[in-house]
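Please model the entire structure based on the sequences and the hints provided.
There are 4 protein chains.
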Amino acid sequence: MEKAYAMVIEEYGKELVRHEFDIPQPVGGEVIIRILASGICGSDVHVWKGQDKRSHLPQILGHEGIGYVQAVNTGRKDIFGRELREGDLVVWDRGVMCKSCYECLIKRKDYNCKSRWTYGFSKSIYDYPNLNGSYSSHMRLVPETDILQLIPREKLKADEDYIPFVSACCAGTTTACAFEQSRVESGDTVLIQGPGPLGVYSVLYARERGASKIIVVGGTKSRLELCREAGADVVIDRNETTAEQRLAQVLDLTDGRGADSVFEVAGTASAVEEGVHYVATGGEYISAGIAVDVGDVRLNWFSDVARKNTTIKGIWVGDIKNTYQAIELYRRHKDILDRTITHRIPLENATEALRMMERREGMKIVLIP
Amino acid sequence: MEKAYAMVIEEYGKELVRHEFDIPQPVGGEVIIRILASGICGSDVHVWKGQDKRSHLPQILGHEGIGYVQAVNTGRKDIFGRELREGDLVVWDRGVMCKSCYECLIKRKDYNCKSRWTYGFSKSIYDYPNLNGSYSSHMRLVPETDILQLIPREKLKADEDYIPFVSACCAGTTTACAFEQSRVESGDTVLIQGPGPLGVYSVLYARERGASKIIVVGGTKSRLELCREAGADVVIDRNETTAEQRLAQVLDLTDGRGADSVFEVAGTASAVEEGVHYVATGGEYISAGIAVDVGDVRLNWFSDVARKNTTIKGIWVGDIKNTYQAIELYRRHKDILDRTITHRIPLENATEALRMMERREGMKIVLIP
Amino acid sequence: MEKAYAMVIEEYGKELVRHEFDIPQPVGGEVIIRILASGICGSDVHVWKGQDKRSHLPQILGHEGIGYVQAVNTGRKDIFGRELREGDLVVWDRGVMCKSCYECLIKRKDYNCKSRWTYGFSKSIYDYPNLNGSYSSHMRLVPETDILQLIPREKLKADEDYIPFVSACCAGTTTACAFEQSRVESGDTVLIQGPGPLGVYSVLYARERGASKIIVVGGTKSRLELCREAGADVVIDRNETTAEQRLAQVLDLTDGRGADSVFEVAGTASAVEEGVHYVATGGEYISAGIAVDVGDVRLNWFSDVARKNTTIKGIWVGDIKNTYQAIELYRRHKDILDRTITHRIPLENATEALRMMERREGMKIVLIP
Amino acid sequence: MEKAYAMVIEEYGKELVRHEFDIPQPVGGEVIIRILASGICGSDVHVWKGQDKRSHLPQILGHEGIGYVQAVNTGRKDIFGRELREGDLVVWDRGVMCKSCYECLIKRKDYNCKSRWTYGFSKSIYDYPNLNGSYSSHMRLVPETDILQLIPREKLKADEDYIPFVSACCAGTTTACAFEQSRVESGDTVLIQGPGPLGVYSVLYARERGASKIIVVGGTKSRLELCREAGADVVIDRNETTAEQRLAQVLDLTDGRGADSVFEVAGTASAVEEGVHYVATGGEYISAGIAVDVGDVRLNWFSDVARKNTTIKGIWVGDIKNTYQAIELYRRHKDILDRTITHRIPLENATEALRMMERREGMKIVLIP
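Chains as they are written, first to last, in the numbering used here: chain A, 5 to 373; chain B, 5 to 373; chain C, 5 to 373; chain D, 5 to 373.
To be clear, the hints were calculated from the coordinates, so they are not data collected in a lab.
It cannot be assumed that every hint is accurate.
Since the list gives no way to pick out one identical chain from another, each pair is judged satisfied if it fits inside one copy or across any two copies.
Stated by the list, open to error - Quick list of in silico lysine to any residue cross-link-like pairs, SDA-like style, CA-CA up to 20 Å: (1) Lys7 / Glu34; (2) Lys217 / His337; (3) Lys161 / Leu93; (4) Lys81 / Asp256; (5) Lys18 / Ser307; (6) Lys57 / Arg311; (7) Lys57 / Val296; (8) Lys225 / Glu158; (9) Lys53 / Ser216; (10) Lys118 / Arg80; (11) Lys159 / Phe306; (12) Lys159 / Asp259; (13) Lys161 / His60; (14) Lys113 / Cys102; (15) Lys18 / Ala252; (16) Lys338 / Gly235; (17) Lys53 / Lys127; (18) Lys53 / Ile240; (19) Lys338 / Glu164; (20) Lys217 / Thr355; (21) Lys53 / Val296; (22) Lys81 / Thr355; (23) Lys7 / Ala162; (24) Lys7 / Arg22; (25) Lys81 / Ser119.
If you're wondering where the values come from, they're calculated on a predicted model, not measured in any experiment.
Shown next as structure tokens:
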């Protein structure tokens with residue numbers, strides 16, 4: 005009889021261990037998924053290293069999964085009201101929210117729900133739903149999970165590569181939330197710090213908000229080049245410029261004003277301290293994708309914040325709305341976004357993949373069961 | 005023949021000197037004002053001490069003025085299209101903007117205009133319009149000045165005290181701008197740091213945005229008491245609590261969430277570092293009224309900004325819209341706001357008044373020519 | 005053994021019939037309520053007359069209920085995370101939403117959920133949860149119901165009159181939603197058509213949005229007087245003025261501009277056709293509380309909509325956020341809002357109460373089991 | 005000596021008459037323009053026919069002009085602070101606003117300014133600045149005119165076709181304003197009624213707001229085809245479908261929901277009555293570009309507005325911000341937008357061009373002096 009398997013952290017920082025599981029039958033609104041691909045996120049390395057407080061061992065990593073419906077009961081629908089059937093390709097919200105608290109109902113920001121738990125982060129394999137991370141062949145999604153159908157089974161094509169959809173799960177979703185909470189408007193100048201997966205998504209979102217000028221600052225030539233192909237007007241290499249030169253260039257590109265919106269997706273405190281200087285008077289600084297303590301940031305409150313009427317915003321995660329937006333963006337810009345997936349590695353080699361991620365090799369590494 | 009006079013800074017930190025001027029005739033859209041009262045702002049002390057780069061000596065201070073139209077040409081109107089006549093009581097925008105630049109036209113935030121200059125700050129007595137600060141008996145307003153009629157001359161009453169309108173010029177205007185740029189909505193918890201003039205205005209604006217709970221943190225008992233009378237539900241005395249106790253109390257008052265919006269009108273870096281901890285997940289921190297370098301602020305970027313999805317905003321000044329809002333608020337809450345005017349001092353004693361302000365005596369000191 | 009009873013529509017337009025029911029035990033997240041009071045809504049008359057398509061006979065009316073927790077299982081919480089206990093006074097969202105569809109998740113407007121069903125409207129007594137309307141001694145709330153604790157049982161006072169909370173359930177909630185979707189800002193002129201329960205709430209919300217001028221147009225002197233006491237600056241009696249006179253008066257009160265925001269809570273097509281003329285250029289017209297076909301409205305598209313840059317918005321209902329806002333507003337303005345409850349009638353006389361409502365006697369009639 | 009000339013309406017509906025003028029020297033902030041091209045707008049036909057109340061004969065038509073700076077005084081700048089020099093290619097705001105009234109300052113919507121007057125509409129040739137319409141070889145812009153530099157003189161290329169910039173002046177500007185006032189967000193379905201110049205701009209703006217699905221309804225095959233090339237996913241030909249079929253198709257394309265945002269740029273009352281049915285629950289209907297009385301629109305207030313929580317918005321014009329946005333959009337989509345310019349006609353043949361416009365020949369006809 006077919007078995008599910010998953011790569012499990014038994015001890016922080018050590019080899020992940022292959023565990024086998026019975027494939028459960030779905031009860032009520034549960035959905036059993038056969039995983040197609042699982043992205044590796046920088047946060048996974050932190051969990052693996054024991055640096056994330058949410059972790060409970062032994063645990064299955066993986067919050068960036070897509071897969072096929074393996075089993076589902078009649079009547080279970082996706083967020084568009086489409087009934088799910090065996091074989092449909094789907095994605096789901098990595099977070100599960102209560103939908104009945106102050107954050108969910110009064111502030112209508114369910115990604116801030118205090119009861120939110122996350123597949124691949126919060127639960128051990130002894131906690132329901134057990135198969136709760138995507139470093140696995142199968143997952144069991146709890147009934148409260150928001151699911152989005154990507155391709156109905158009858159439209160799946162044998163020769164199509166669906167794996168890159170996985171880029172939308174985390175990078176695309178968080179970036180979508182960052183842009184949703186931003187004020188970017190037609191004609192603006194947008195500057196992006198960090199040309200990784202969130203940076204490429206940021207360039208595309210900036211274009212799709214009507215930005216007139218898109219500037220990317222980063223340190224990896226190939227990534228900057230991808231950003232340029234995605235639509236960046238100007239890319240600035242950190243390794244070839246000083247901070248003063250970068251600031252001078254940004255001011256020069258904007259008639260001395262600075263950028264209307266700066267998106268920080270580089271993930272360091274020093275990027276923040278540099279980046280706030282790029283913001284125009286009245287502009288905004290959006291920092292997305294920081295998932296661990298990166299230390300303190302020092303701001304001169306008068307010149308960086310008060311005098312410039314600056315808005316600063318931290319973005320934690322996103323929700324299924326943002327995943328929907330990211331998936332749709334992906335469909336429109338598949339040519340660019342497929343190139344963010346630099347490595348496809350067998351799931352059984354997950355430990356090696358985490359080590360590559362730790363060494364910052366590759367842009368987006370994907371595990372294939 | 006009647007002469008105008010003004011108290012002039014000839015040397016930083018020294019006695020202001022009484023100068024006499026001819027009262028000019030208005031040319032075109034100019035308006036000559038006979039000053040009724042001029043508020044003293046904390047910023048005035050900084051200019052007087054030579055700590056404000058905008059200053060040019062010899063100079064007349066005063067950007068919080070109200071007064072009567074002394075002379076005006078036919079056809080000059082206020083922002084509501086009401087023709088100005090001799091004797092009308094008016095207030096004006098302390099800033100003069102170009103109304104034709106990126107900030108004014110594209111971003112529609114004229115208070116961020118790069119060409120903005122300010123009565124009482126930016127010009128010496130040798131610069132047109134010479135009588136350009138309200139520490140004076142008369143002022144000349146340039147044609148580009150936005151003017152708001154407060155009371156038409158035929159409705160002025162001999163026994164009415166109009167002087168406290170002056171509180172709306174700067175404290176009320178900046179606070180109005182802070183609330184305009186905030187997201188406070190009906191049912192929210194609002195916390196205010198600093199029970200000075202901006203703090204009292206903040207309590208009233210919070211009420212007029214439907215806040216369900218208003219908390220004020222401060223160090224002066226009489227000011228906290230005024231905030232309570234203005235509508236604060238809870239006041240917390242900094243001198244009777246530790247920072248830990250204050251935070252615990254705020255969390256206790258909000259089911260553990262923190263405040264949806266925190267307004268910092270205390271003016272210190274340490275207030276900011278403490279205040280960001282009061283913000284609820286998804287909430288905002290608005291810092292208004294800081295006009296000089298108050299040093300660096302250290303934020304833990306992960307816990308203070310990223311994880312909490314915090315929005316931080318610095319507010320520099322406001323414009324005539326905000327002055328209009330402040331004036332209207334003043335009319336509705338005259339009983340409370342009149343009490344922020346603690347001292348009325350003859351204009352000729354302006355130097356002594358600045359010294360009182362420096363010693364933080366009094367809440368709002370007003371000069372009367 | 006104690007029994008529940010409800011007044012049931014067996015035949016449209018006929019006497020309601022008293023039915024008895026066993027009081028169920030709560031299963032899972034269900035909550036059994038002992039009704040304190042049930043408001044009668046204008047919509048109830050339409051259902052009773054057979055004019056509402058949602059109706060299924062035999063049916064219990066009543067979507068404006070408040071009551072005490074009669075029975076609840078451990079762990080069931082209200083939206084603030086407070087565990088519900090027997091005896092707590094609570095209110096609940098009259099609508100039950102799926103929280104997993106496009107409207108709920110992508111547009112984050114759960115009140116527009118296509119699967120929304122409503123207590124007192126959508127179900128017969130044969131449909132679970134059977135005791136599903138508040139014209140009853142007890143109700144069974146399904147687990148998906150959003151509940152708000154009003155008063156914890158230990159703070160209930162024997163001599164306090166809690167019945168008027170009921171005004172917030174429907175009138176207050178819908179008005180809260182109307183204001184949430186409006187753009188009213190500090191200093192605006194707000195005009196309200198219709199001084200009924202929604203009108204009184206509108207006056208209070210307008211004050212709590214900082215309106216500088218509030219005008220109410222209506223036809224009942226006592227209601228207009230209540231609006232004035234609630235804070236309306238000007239009330240205009242439709243029976244003492246022509247439409248031309250009313251428009252002239254509104255323009256005269258606004259320097260010829262018209263009102264920035266007009267709220268239509270009168271419920272007729274003719275009110276709409278008159279009301280759009282009150283809107284200032286760039287202003288908005290918000291129509292709330294219409295629950296049946298009131299016929300066609302004719303607008304001159306050029307002069308009423310295009311030339312004036314008018315925004316028109318229809319408000320259907322609200323959700324628990326809006327109920328929370330309304331409850332909080334009620335707490336702040338109990339003195340005014342208690343007076344909207346004009347009649348308290350024994351539940352057994354529900355048919356007579358519906359007839360009174362049909363004859364438009366009384367402002368808000370409440371049934372007491 | 006060089007003379008300016010203009011085609012002047014002396015009598016409504018009759019041949020325009022060529023008048024010669026001295027070319028004035030600029031005084032103060034005035035700018036003298038040598039016209040490169042002038043678009044013909046549908047509104048021009050109404051003025052010519054005597055159907056626009058703003059008209060004063062004898063008058064020069066033309067509010068869609070671009071041209072070269074012929075003469076300017078030192079220090080006159082464009083809205084980006086760039087000093088204007090002879091030879092620069094520029095565009096200007098067709099409207100001149102007071103920038104000091106309630107609409108300009110309090111509501112910050114200067115396009116709603118009550119004192120706004122428009123080049124090519126409001127003034128006769130006897131009114132300053134006389135050369136005040138773009139059906140002319142030269143214009144005199146008053147100092148209050150907001151000007152945007154398109155190409156600095158040193159970057160002008162002899163072989164470049166700059167004439168199509170003219171499409172941004174009116175069609176692009178009004179559409180920009182419509183989108184600025186809309187709520188279109190990433191992932192939305194946008195439907196556009198009317199594939200004329202505003203329709204093509206609408207398709208491009210919808211793409212640049214992240215729309216996932218763009219549907220255009222129209223009656224001209226070639227225009228629908230251009231919309232498809234601009235990015236429309238689906239075009240529906242009104243001549244090949246009934247209204248019922250169109251509605252069915254729209255619902256089918258949107259899982260039964262309808263479009264999140266519908267833009268009406270067709271200009272008829274019947275389009276409005278049909279179009280509101282396309283709007284999804286909670287969606288919006290934006291009507292832009294109607295400049296004359298098109299008669300009454302009948303809406304069923306319950307089903308079209310109240311029950312669906314519909315937002316309806318009329319858009320009158322735009323301002324220099326919107327022109328800036330349109331110009332930037334034009335630069336990014338020159339390939340598509342150039343094709344909206346279907347005819348270039350010598351200025352002296354302006355009357356014939358107006359007749360073509362009246363017969364709806366061509367999409368955008370441009371006059372060349």
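Comparing the hints with the structure gives:
no. : hint            : in the structure
1   : Lys7 / Glu34    : within (18 Å within a copy, 38 Å between copies)
2   : Lys217 / His337 : both (19 Å within a copy, 14 Å between copies)
3   : Lys161 / Leu93  : within (11 Å within a copy, 53 Å between copies)
4   : Lys81 / Asp256  : between (52 Å within a copy, 18 Å between copies)
5   : Lys18 / Ser307  : neither (47 Å within a copy, 28 Å between copies)
6   : Lys57 / Arg311  : between (38 Å within a copy, 13 Å between copies)
7   : Lys57 / Val296  : within (10 Å within a copy, 40 Å between copies)
8   : Lys225 / Glu158 : neither (41 Å within a copy, 33 Å between copies)
9   : Lys53 / Ser216  : neither (42 Å within a copy, 40 Å between copies)
10  : Lys118 / Arg80  : between (26 Å within a copy, 16 Å between copies)
11  : Lys159 / Phe306 : neither (57 Å within a copy, 40 Å between copies)
12  : Lys159 / Asp259 : between (50 Å within a copy, 17 Å between copies)
13  : Lys161 / His60  : neither (39 Å within a copy, 46 Å between copies)
14  : Lys113 / Cys102 : both (12 Å within a copy, 17 Å between copies)
15  : Lys18 / Ala252  : neither (46 Å within a copy, 40 Å between copies)
16  : Lys338 / Gly235 : both (14 Å within a copy, 16 Å between copies)
17  : Lys53 / Lys127  : within (16 Å within a copy, 54 Å between copies)
18  : Lys53 / Ile240  : neither (33 Å within a copy, 43 Å between copies)
19  : Lys338 / Glu164 : within (12 Å within a copy, 34 Å between copies)
20  : Lys217 / Thr355 : neither (41 Å within a copy, 41 Å between copies)
21  : Lys53 / Val296  : within (12 Å within a copy, 44 Å between copies)
22  : Lys81 / Thr355  : neither (35 Å within a copy, 42 Å between copies)
23  : Lys7 / Ala162   : neither (24 Å within a copy, 63 Å between copies)
24  : Lys7 / Arg22    : within (12 Å within a copy, 59 Å between copies)
25  : Lys81 / Ser119  : between (23 Å within a copy, 13 Å between copies)
Hint check: violations occur at hints 5, 8, 9, 11, 13, 15, 18, 20, 22 and 23; the rest are consistent with the structure.
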